[in-house]
Amino acid sequence: MARTVTRLTRFNMTSLALGLAFLYLPIVILVIYSFNASRLVTVWGGWSLRWYHEFFNDRAMLEAAWMSLSVAAVSATLATLLGTLAAVGLARGERFRGRALFSGMLYSPLVMPEVISGLSLLLLFVALNAERGFWTVTIAHTTLTMCFVTVVVQSRLSALDRSLEEAAMDLGCDPVRAFLMVTLPLIVPAIVAGWMLAFTLSLDDVVIASFTTGPGSATLPIRIYSEVRLGVKPEINAICTLVIALIAVIIVVASFASKLSSSQGESAAPL
Amino acid sequence: MSARRIFARPARLAAIAPYLWMVLFFLVPFGFVLKISLSQTAIAQPPYMPVFDVTEGRAALAAAFAQLSFDNFRLLLQDNLYILSYLRSLVVAVTSTLILLLIGYPIAYGMARLPQRWQGVAMMLVIVPFWTSFLIRIYAWINILQHDGLLNQILLALHLVSAPVVWLSTDSAMYLGIVYSYLPFMILPLYATLSKQDGSLLEAAGDLGASPLRAFWLVTFPLSLPGVGAGALLCFIPIVGEFVIPDLLAGSNSLMIGQTLWLEFFTNKDWPVASAAAVALLLLLVPPLVLYDRLQRRQLGTNG
Numbered sequence: 001m002a003r004t005v006t007r008l009t010r011f012n013m014t015s016l017a018l019g020l021a022f023l024y025l026p027i028v029i030l031v032i033y034s035f036n037a038s039r040l041v042t043v044w045g046g047w048s049l050r051w052y053h054e055f056f057n058d059r060a061m062l063e064a065a066w067m068s069l070s071v072a073a074v075s076a077t078l079a080t081l082l083g084t085l086a087a088v089g090l091a092r093g094e095r096f097r098g099r100a101l102f103s104g105m106l107y108s109p110l111v112m113p114e115v116i117s118g119l120s121l122l123l124l125f126v127a128l129n130a131e132r133g134f135w136t137v138t139i140a141h142t143t144l145t146m147c148f149v150t151v152v153v154q155s156r157l158s159a160l161d162r163s164l165e166e167a168a169m170d171l172g173c174d175p176v177r178a179f180l181m182v183t184l185p186l187i188v189p190a191i192v193a194g195w196m197l198a199f200t201l202s203l204d205d206v207v208i209a210s211f212t213t214g215p216g217s218a219t220l221p222i223r224i225y226s227e228v229r230l231g232v233k234p235e236i237n238a239i240c241t242l243v244i245a246l247i248a249v250i251i252v253v254a255s256f257a258s259k260l261s262s263s264q265g266e267s268a269a270p271l
Numbered sequence: 001m002s003a004r005r006i007f008a009r010p011a012r013l014a015a016i017a018p019y020l021w022m023v024l025f026f027l028v029p030f031g032f033v034l035k036i037s038l039s040q041t042a043i044a045q046p047p048y049m050p051v052f053d054v055t056e057g058r059a060a061l062a063a064a065f066a067q068l069s070f071d072n073f074r075l076l077l078q079d080n081l082y083i084l085s086y087l088r089s090l091v092v093a094v095t096s097t098l099i100l101l102l103i104g105y106p107i108a109y110g111m112a113r114l115p116q117r118w119q120g121v122a123m124m125l126v127i128v129p130f131w132t133s134f135l136i137r138i139y140a141w142i143n144i145l146q147h148d149g150l151l152n153q154i155l156l157a158l159h160l161v162s163a164p165v166v167w168l169s170t171d172s173a174m175y176l177g178i179v180y181s182y183l184p185f186m187i188l189p190l191y192a193t194l195s196k197q198d199g200s201l202l203e204a205a206g207d208l209g210a211s212p213l214r215a216f217w218l219v220t221f222p223l224s225l226p227g228v229g230a231g232a233l234l235c236f237i238p239i240v241g242e243f244v245i246p247d248l249l250a251g252s253n254s255l256m257i258g259q260t261l262w263l264e265f266f267t268n269k270d271w272p273v274a275s276a277a278a279v280a281l282l283l284l285l286v287p288p289l290v291l292y293d294r295l296q297r298r299q300l301g302t303n304g
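So the protein lines, in turn, are chains A and B.
The opening position of the first sequence corresponds to residue 1 in this note's numbering, with each subsequent residue numbered one higher.
The opening position of the second sequence corresponds to residue 1 in this note's numbering, with each subsequent residue numbered one higher.
There's no promise every hint is true.
A few chain B residues that face chain A, going by a derived Cβ cut-off under 7 Å, partial list only [said to hold, decoys possible]:
#1 Phe26
#2 Phe30
#3 Arg74
#4 Leu125
#5 Gln146
#6 Gly251
Here are the computed distance ranges between Cβ atoms for each label pair [unchecked claim]:
#7 A:Gly214 with B:Ala163: 43 to 49 Å
#8 B:Pro164 with A:Leu101: 53 to 59 Å
#9 A:Leu101 with B:Gln116: 39 to 45 Å
#10 A:Ala130 with B:Ala163: 50 to 56 Å
#11 B:Leu201 with A:Trp47: 52 to 58 Å
#12 A:Glu63 with B:Trp118: 41 to 47 Å
Beyond 10 Å from chain B on every Cβ pair, some chain A residues (computed) [unchecked claim]:
#13 Arg50
#14 Tyr52
#15 His53
#16 Leu62
#17 Ala64
#18 Val74
#19 Gly104
#20 Asp161
#21 Pro215
#22 Arg229
Please keep in mind that the hints were generated in silico from the structure rather than gathered at the bench.
For each residue, glycine too, the CB sits at the ideal point set by N, CA and C.
Throw the hints in and build the complete structure from the sequences for me.
Shown next as structure tokens:
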């Protein structure tokens, strides 16, 4: 990659600074307001942890939070397993029957409007007579997030030097052993990043969960969403701040993982 | 047989489980959407008439086919509500994509011109909001835009307005929310193509007498078109079916198709019409989806 133009014109700097400010300011403001002592969201009444107390005494919210965290953990794990297998099939399977359909099925959910995915899965669950709740939401989230895992892991696999696997096989490894001993350790960072991405996506989803969950088992985003429709509440600011903190931790871990990944080769994760 | 060929077989076997999963939970459900979109509404649980049951054999199937009804689609075509919400979805998606392009391009361009070591940091800064909850970021804007929110307080303090401006429940708030949420999706593909461009091309254009602006327009921009296409599709397709942002930020007098579908499903409990709306939305999205699929595969450099 030849790069001679790295001049920083004033225009470039301004657009970059404004763009980043636009992306971050609302979140910063939300976090600050979550420590506001005043019940009126917009009047500053001094620093306080009042709304965090409120949240930790709100049984319904806590139950929803627990439901969301368990759905996210289970579905991210399933999605990572299935997504990695799919990535291996696409990156190493050469040509096979139904390959175009397979990759089409894996890429379209990335952009498919959530109302469609949610509605179609619900109709399936109703037809199967499945009881709606934890497992139906988990299956729905697994289906959506495994596609993201596939993209992340597949791009890592495609960037990998294949002669390493071939050398292992020349030295007498069978393909499965070559994969487990050579390929897998090299793609672990991408797999970790994929899990984290799947976890945060599941924690974030409100539309698909609304369709696929049953009565009495609302996820945290569903609860937040129904509260937000009624207006801004300081407790929601506190909950959102906690979610942001959790995601920040995940991002730090994931970025370490991808740093590991990029130090071993070109990181090509598109997301 | 080469090592590569030997490796391919177990790799294909690995794909069986995810393949079956996607067929069962992605492909088959569309069959149900199609089926129910052709059935009659009923006051029952679930609220539609059964169309056909494969277990009942061929005769029953044939009888059921005779009963298929296109009433729901006819309703979609006849009722202004649906046509208007389709049109609105298209208008909103096209407008938002254009705004995103106008805002995203300079940012991606600025990123690509940063010194190498800062580019990674800038990219990280653009990706992080994508990880942060989408619902929370919309909620953050409600905090700012509400009647006595920060924006009105600032405007009043600066004496730019004499009374609080209504920001929430307007189209401007909705566009703001959409642009805010989808900006990373626009920036990243643009940055990917812009950062790969060879700087010597611009120097050559300069040596040949082109002004920087002309060089940009004649060299940089045409070369970045694949990124423009990818970014535009990545934003356009989901925005057409967007539900949460218009529901929380726009007014309720004109709905997007995602909202109409939601309303039919959750409020009116009319599953067949909701399914028909989903089928129609899907038909609208097939061409951009195919295009996107092609771009994506080219980008990943796979040979399928």
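Indicate whether the distance between the beta carbons of B:Pro164 and A:Leu101 respects the range 53 to 59 Å. For B:Pro164 and A:Leu101 the Cβ distance comes to about 54 Å; the hint holds.
Restraint: B:Gly251 near chain A, CB-CB cut 7 Å. Satisfied or not? violated (14 Å)
Taking C-beta pairs only, is A:Arg50 more than 10 Å away from all of chain B? holds (17 Å)
Using the Cβ atoms, figure out if A:Leu101 sits within 39 to 45 Å of B:Gln116. holds (40 Å)
Return holds or violated for the Cβ distance of A:Glu63 and B:Trp118 against the range 41 to 47 Å. holds (44 Å)
Range hint compliance [Cβ, B:Leu201 to A:Trp47, 52 to 58 Å]: holds (54 Å)
Taking the minimum C-beta separation from A:Gly104 to chain B, is that value above 10 Å? Violated: least Cβ distance 6 Å, not greater than 10 Å.
Do the beta carbons of A:Ala130 and B:Ala163 sit within 50 to 56 Å of each other? holds (53 Å)
Does the claim that A:Arg229 lies off the interface hold, with its Cβ farther than 10 Å from every Cβ of chain B? Given that some Cβ of chain B is not farther than 10 Å from that of A:Arg229, nearest at about 7 Å, it is violated.
Separation of A:His53 from chain B, once the least beta-carbon distance is taken, above 10 Å: Given that every Cβ of chain B is farther than 10 Å from that of A:His53, nearest at about 20 Å, it holds.
Can we keep the B:Leu125 interface hint, with Cβ of chain A closer than 7 Å? holds (6 Å)
Beyond 10 Å from every Cβ of chain B: is that where the Cβ of A:Pro215 lies? Non-interface label stands for A:Pro215: nearest chain B Cβ at 12 Å, farther than 10 Å.
Hint check: violations occur at hints 3, 6, 19, 22; the rest are consistent with the structure.
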